[in-house]
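Starting from the known structure of chain E, fit chain C onto it as the hints suggest.
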Amino acid sequence: MTIDELKLDLQELRSMSAPPELGARILSAAGVKDVRAQISSPIGPIWVVCNYRGLRSVTPVGAAPPTALDGPLPRGLERRLELALQGRKTRLDFDLSGLGSFERSVLSKTQEIPFGEVRSYGWVAKEIDRPRAVRAVGTALAHNPIPLFIPCHRVIRSNWSIGQYSGGGPEAKRSLLTFEGVEIDLMQQLGRRGVRVIADPRSGLFCVPGCRQLKRQHSSRLLEMETSLRALSAGFEACPLCRPA
Amino acid sequence: MDRRSDGGRSSEEPEAAFEDMLVAFQNRIFAFTLALSGDRSDAEELTQETFLRAWKAMRTWDDQRRTDLKVSPWLHRIALNLLRRQRHPGRPLMVRLGDDIASRSEPGPEAWQQRRARLDRLAAMVAALPAAQRNAVAVHCVQGLSYRESAAFLGRPEATLRSDVRRGLAVLRSGRVGCTDVFREAI
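Protein chains in written order, with our numbering: chain E, 1 to 245; chain C, 1001 to 1187.
No farther apart than 35 Å at their CA atoms in a straight line, the calculated lysine-lysine pairs in the DSBU-like style are these:
1) E:Lys33 x C:Lys1070
2) E:Lys215 x E:Lys126
3) E:Lys109 x C:Lys1056
What the hints contain is simulated information worked out from the structure, not anything from laboratory work.
Just chain E, same shape as in the assembly (with noise of 0.2 Å):
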């Protein structure tokens, strides 16, 4: 063969193609594209999306399943769900483009809710300094993408009975609640008579019902009160970890 032909032999090699999956395959890879696989949960079966941005969606399996690549998900990123679902500390970052700046400001207080402790919808107004916008936090939450991990579950009523919820029905959220220890029934009985914030002589704080703060408390020398203003009146101080509304 002369040195000519193989030149153009090895100009030839030029135009070899790649094989035609491995582009897709690249961008599931990098996480540019979605990619959805399925894990379990304390509600069941569901289905994670996710891309490089972190996880986009969570729905349950049985409804619709999501338009996404089947593919595994990012390295270590099905143990950090296990774990957060267990309330371990774990990092979880989350894709909330789309949406407006309301909505992810409530999604992202609504992060800041401790496993096993439940807030108000009004808290969270409260908190992203939009007092008067209670139902706008509800209607958020109830399209909160990515439920479980964005805890929408915790957020109640004010009168601590159970609302709305998006993942299932109350039934469903009821029954998160309890896998977290949260004792769901006690504070419907509070609720019922009124309670909204429970003072705790010791420490000279109030709480929401549920607080952490309290729980290293024996109950017989908590106070309960029906409303932040009454506890301020009598000289509690708002408890700086539920920040009770």
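Using the frame of chain E, we list chain C on its own:
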């Protein structure tokens, strides 16, 4: 909370830039890594890793930096660095050499199959060259950069590059590729 997500996605966002880049360059990078590695599955892996690294780097850049970037040399450099890191030098040649490439037949009915097999063998031979010759042949003869561009890309004097190409081509023609390093020294 992800602070980077600010509402909807525009075409300037990194995802779109990356997809465009992938579509534009995946075949070129695949051909390049095929010539460097001599093996299709190695080339797929190297191509994937090249783009994953590119993505990791570019997703935090602003638009200006993405626009300023000369994409093609950058991707080629990532691929070459990956190869340097992953491969121990003097990898033995895995295919049988000689007859097919030396006695090239006229294109027949299975022309496509044959062409592909022939080019795969050629890639394997290129990959088995000593590293300097292999890189020179892959950059100049396969990717089609001029001597000057190739020399700049590989960071070698142009005269050295020319001689690397010449020697590489001579070895490919002779079919004496893949001999041990000791023997290579003697050539």
